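Protein chains in written order, with my numbering: chain A, 4 to 132; chain B, 4 to 132; chain C, 4 to 132; chain D, 4 to 132; chain E, 4 to 132; chain F, 4 to 132; chain G, 4 to 132; chain H, 4 to 132; chain I, 4 to 132; chain J, 4 to 132.
Check each hint, because a few of them may be wrong.
Heads up, simulated DSBU-like pairs for lysine-lysine below, C-alpha to C-alpha not over 35 Å straight-line [claimed, not checked]:
no.	chain 1	residue 1	chain 2	residue 2
1	H	62	J	10
2	A	103	A	62
3	G	57	C	103
4	I	10	H	62
Treat the hints as calculated values from the structure; they're not laboratory data. Every value quoted in this text rests on a predicted model; they were computed, and no experiment measured them.
These are the residues of each chain, in order.
Number of protein chains: 10
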Amino acid sequence: MPSQPSKTLETFDNPMPERDYTIRIEVPEFTCLCPKTGQPDFATLYLEYVPEAKCVELKSLKMYVWAYRDEGAFHEKVTNTILDDLVKATEPRFMRLTAKFNVRGGIYTSVVAEHRQSGWQAPEAVTLP
Amino acid sequence: MPSQPSKTLETFDNPMPERDYTIRIEVPEFTCLCPKTGQPDFATLYLEYVPEAKCVELKSLKMYVWAYRDEGAFHEKVTNTILDDLVKATEPRFMRLTAKFNVRGGIYTSVVAEHRQSGWQAPEAVTLP
Amino acid sequence: MPSQPSKTLETFDNPMPERDYTIRIEVPEFTCLCPKTGQPDFATLYLEYVPEAKCVELKSLKMYVWAYRDEGAFHEKVTNTILDDLVKATEPRFMRLTAKFNVRGGIYTSVVAEHRQSGWQAPEAVTLP
Amino acid sequence: MPSQPSKTLETFDNPMPERDYTIRIEVPEFTCLCPKTGQPDFATLYLEYVPEAKCVELKSLKMYVWAYRDEGAFHEKVTNTILDDLVKATEPRFMRLTAKFNVRGGIYTSVVAEHRQSGWQAPEAVTLP
Amino acid sequence: MPSQPSKTLETFDNPMPERDYTIRIEVPEFTCLCPKTGQPDFATLYLEYVPEAKCVELKSLKMYVWAYRDEGAFHEKVTNTILDDLVKATEPRFMRLTAKFNVRGGIYTSVVAEHRQSGWQAPEAVTLP
Amino acid sequence: MPSQPSKTLETFDNPMPERDYTIRIEVPEFTCLCPKTGQPDFATLYLEYVPEAKCVELKSLKMYVWAYRDEGAFHEKVTNTILDDLVKATEPRFMRLTAKFNVRGGIYTSVVAEHRQSGWQAPEAVTLP
Amino acid sequence: MPSQPSKTLETFDNPMPERDYTIRIEVPEFTCLCPKTGQPDFATLYLEYVPEAKCVELKSLKMYVWAYRDEGAFHEKVTNTILDDLVKATEPRFMRLTAKFNVRGGIYTSVVAEHRQSGWQAPEAVTLP
Amino acid sequence: MPSQPSKTLETFDNPMPERDYTIRIEVPEFTCLCPKTGQPDFATLYLEYVPEAKCVELKSLKMYVWAYRDEGAFHEKVTNTILDDLVKATEPRFMRLTAKFNVRGGIYTSVVAEHRQSGWQAPEAVTLP
Amino acid sequence: MPSQPSKTLETFDNPMPERDYTIRIEVPEFTCLCPKTGQPDFATLYLEYVPEAKCVELKSLKMYVWAYRDEGAFHEKVTNTILDDLVKATEPRFMRLTAKFNVRGGIYTSVVAEHRQSGWQAPEAVTLP
Amino acid sequence: MPSQPSKTLETFDNPMPERDYTIRIEVPEFTCLCPKTGQPDFATLYLEYVPEAKCVELKSLKMYVWAYRDEGAFHEKVTNTILDDLVKATEPRFMRLTAKFNVRGGIYTSVVAEHRQSGWQAPEAVTLP
Ligand SMILES: [Ca+2]
Ligand SMILES: [Ca+2]
Ligand SMILES: [Ca+2]
Ligand SMILES: [Ca+2]
Ligand SMILES: [Ca+2]
Ligand SMILES: [Ca+2]
Ligand SMILES: [Ca+2]
Ligand SMILES: [Ca+2]
Ligand SMILES: [Ca+2]
Ligand SMILES: [Ca+2]
Ligand SMILES: [Ca+2]
Ligand SMILES: [Ca+2]
Ligand SMILES: [Ca+2]
Ligand SMILES: [Ca+2]
Ligand SMILES: [Ca+2]
Ligand SMILES: [Ca+2]
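Chain A with its partners taken away, still in its complex shape (with noise of 0.2 Å):
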């Protein structure tokens, strides 16, 4: 039975939800449709995030992007609206979304979105010479 896209995030249990610690994800294959020309459009995503209780399962993360292919989105728009999904999803400690999307009209352009939990600081970072 084939797959099917779907914007149902799954996740699974933080397997070390003591320790603040880093999951970092490249997803080079994101396409949309921009909505002024209806032509396709395409941007890599990068996600990292310090999880709480839950991760974001990989398998649904890749059904999820997949379920944007046939769907008109701006630049700025769906690049916070896909970290807002994600952050309800997963409800993180800090969650940080880059989509650079590819050249169009000889611009280059990316969008840079966080979020960060109530309260949460960041671990002081150790910078080793």
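With chain A fixed as given, assemble chains B, C, D, E, F, G, H, I and J with the ligands onto it according to the hints.
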């Protein structure tokens, strides 16, 4: 009015048919569907050709590529088919199409196919030091 | 009807004004004239900003950049002027413009200027390990 | 049901047997055991071939590569053996296998072997300027 | 006698315990099994730490990594577990482990976890111009 | 007095006409106008030639390239025309011009054209190991 | 009339003194003589500064750099001297000079020196995600 | 007379002791012997320091590095020892030594150690946009 | 028992003598002494060969390379000598040795030498598109 | 006693005249003066040759290159002259000189010239797969 995907390839007159010269075109945004899983596949297309009477028009090439967005297509078959369509539309002296597909199952695949006009000889390659 | 160069920058509503987020835009095709020699100069522009109520519309940005094609412009002055125009049009929370000019006389020059809205504080940077 | 490693290579019909064309496959995840020390060895495999009637099926190729995970194998021998297995399965017009092994003892090794069908001539290479 | 995989991590005395200094270790050859599919997973491990009394012995680290070859392991869990084992063996002032996994389903994942000794303060970072 | 764009190509005497040798020139700052949209196009020109009696003077080449700044020009036509002008001015033994145009509509195009003096044979290429 | 090397640095008025902004200049063609051996030394200079009332004029900077062609100069001393000369000429808010010298005796050396105007504070760095 | 390896580090007077500035030195040709196996080890050394009254003389540094050619040396110990010797010879305000060793057993190791003069404060880092 | 440098090259039986295939070996850690100055020289060796009956054993190659550590050797001579020793030990169908020496006096040198068995013809090169 | 620039090229006996082999030399520090403007020009020289009885001595080559520091020289002429001088000094079987000049007027130029001994045939190139 939004533009539409279309398998119709348009051409324009080769402005210099008396000379064998090379046109190279890179299309990083090819996407189709995997006939086995139904999931999206992605590739970059590299086209190089020596035109005879006709050159492929770039905007129609973009619409042509777009037309694969909802089609199931195997890597080896679709590369040969696109080459055949481009050859039929432009009747070039020589044409080569390379499709580099994105990694699947940890494996990277690309396919390269060529067409040569009957009786056409490539100009003797000049390798300058 | 062919499009025209124009110094008018158009904007659209920021779809997520309640969040500080980043938009990055790269324009590799800036060209103007050197006021001393009259000869063409070339640069790549890198814009990054945190929008308030308005985002710069990309097509009008392209026309805006085009409008410098026949103008004489010094490196330091034109970078500051373009920043000022973009700030005036979009009234962002923060904006930074970098212009990397092509080599002249064996010397490479770039200019970077910033605007910060009065009273705006950058969100605390989260550096994940 | 979890999948299994297997030395059985599956094939599918070449969709364009009337044309000499090239299929390239990169497998970055080959691992076997060193027959001398018993420790793991790692390599990237690069396969390129001109199919005749059959193409190698990618999922079975992945299972085939997996089947070396617990086998002892010398660099030179295993490269030739994998080529022989692939030739036997697909009977190609031409096939080349390159194995680049990870550094051992401060020394980098790779092995390249080819098979050419009796009587087959490579299409005359067209080098466009 | 061939060597053996082993989860036992050996250490040697830190030759300079009176100074906070950094040891960085890159292990490009981590492989385990996916608990869902049973198929091999691959990653590169990046370890950096400030030793207290003990440093991890490299050959035993190699045997330790080897011991995961036939184990099922989730990305997030195994990264935290390896860090815990290394912390237990060496009791460092600070330790960070990054695991960059190979692409699966077109998605790239990496996980980063840190341990900091209670009461330890990172030396003030000196950023020379 | 400011310099001026000019289609006049100046030459100087080849200082070593008794030897076939190669001169390579890269011009990263070609810009013209798209005849369809009126908008600026950009390309990098790569010229390589074996001179006979005359070499192209670099400053006049710069002025020549500048002269396209306000002209409409199709990619394929303009590459062939510039080659023809350079051949007419310098009457070289061999000349090749490559124009790599900036991305338009998500598609990258380049054009390569050559001229060979009647009866001239390229020196036998020496490939040293 | 051929131009001449000269230690005189010329300046022009900063077109935007009310704003702290950055000018970066790279000079790949610095050469002087080694005081010990008399042989030529080579370096690339990287200058970055925040101007106050004056900016350094690029052509005079080129002539200034040229003036070291016949002078003996130690790496550490000459980097500090050039910085001092540039500070004296332009009285900037901040200036940093990096000199990366070519390898000598198998060893690569670079020197970095800074000047900060008394009482000047760098604008708070904004690190956008 | 051929030169000789020597552990004696020579210095020269810092030409600008009134300014905190940075000297960076890269030595790609460090080699010693592994105390366990007797076999050669190789590393690249990266030194960066802020001199006080003395700078290290490069030729003597080369002879010093040469003196390790026939010595057994552990990675962690030798990095700290070389730093100590350089600190003793030059008494710098700050010094950092990084040693990146060649791969051994499929594992890459580097060691970084620092010395800071008692009471010395690094100049406030200026990060220009 | 620690291992020892040795000029004795050991071999093993070519597992596939009926096929012309290529073995490539890179040795980044060659060091000898300059006969003029007595100082260490460094090079990377690149070996590629088509074996006949024997292949060079890697560990003995490592010991062989180690044996040059205390020998004086000119670049051109030592490259030819190492090739001769390897040819004598393995009697290959074809062998090529490239030695890339580290920069000396600001000049980079490499030497490439080949041996071809009398009567051996290289397999016709197949250049796939 | 400081060394001196000199146009005298010294040679040493080819240690392996019975074999055609390749010596490659890269000189990144060529500088001369532009005959039109008097200003310095810079280039990297790439020399490759098959020696007959004599090899060029590297230190004398360095002094030879140095001797152009105060001379006016056109790109095309000086490349051919240096080749002629090297041919005269070493009488090689084959020699090729490439000079890549630094950008001037936004244009990059390089010149390549070859000498082949009368009657010498390049060894048949062996292209291993
Ligand atoms: Ca993009
Ligand atoms: Ca892609
Ligand atoms: Ca691919
Ligand atoms: Ca620039
Ligand atoms: Ca390898
Ligand atoms: Ca590998
Ligand atoms: Ca990864
Ligand atoms: Ca990997
Ligand atoms: Ca460009
Ligand atoms: Ca292009
Ligand atoms: Ca340097
Ligand atoms: Ca290393
Ligand atoms: Ca090296
Ligand atoms: Ca070298
Ligand atoms: Ca240079
Ligand atoms: Ca150049």
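Out of the numbered hints, which ones does the structure contradict?
Result: no hint breaks.
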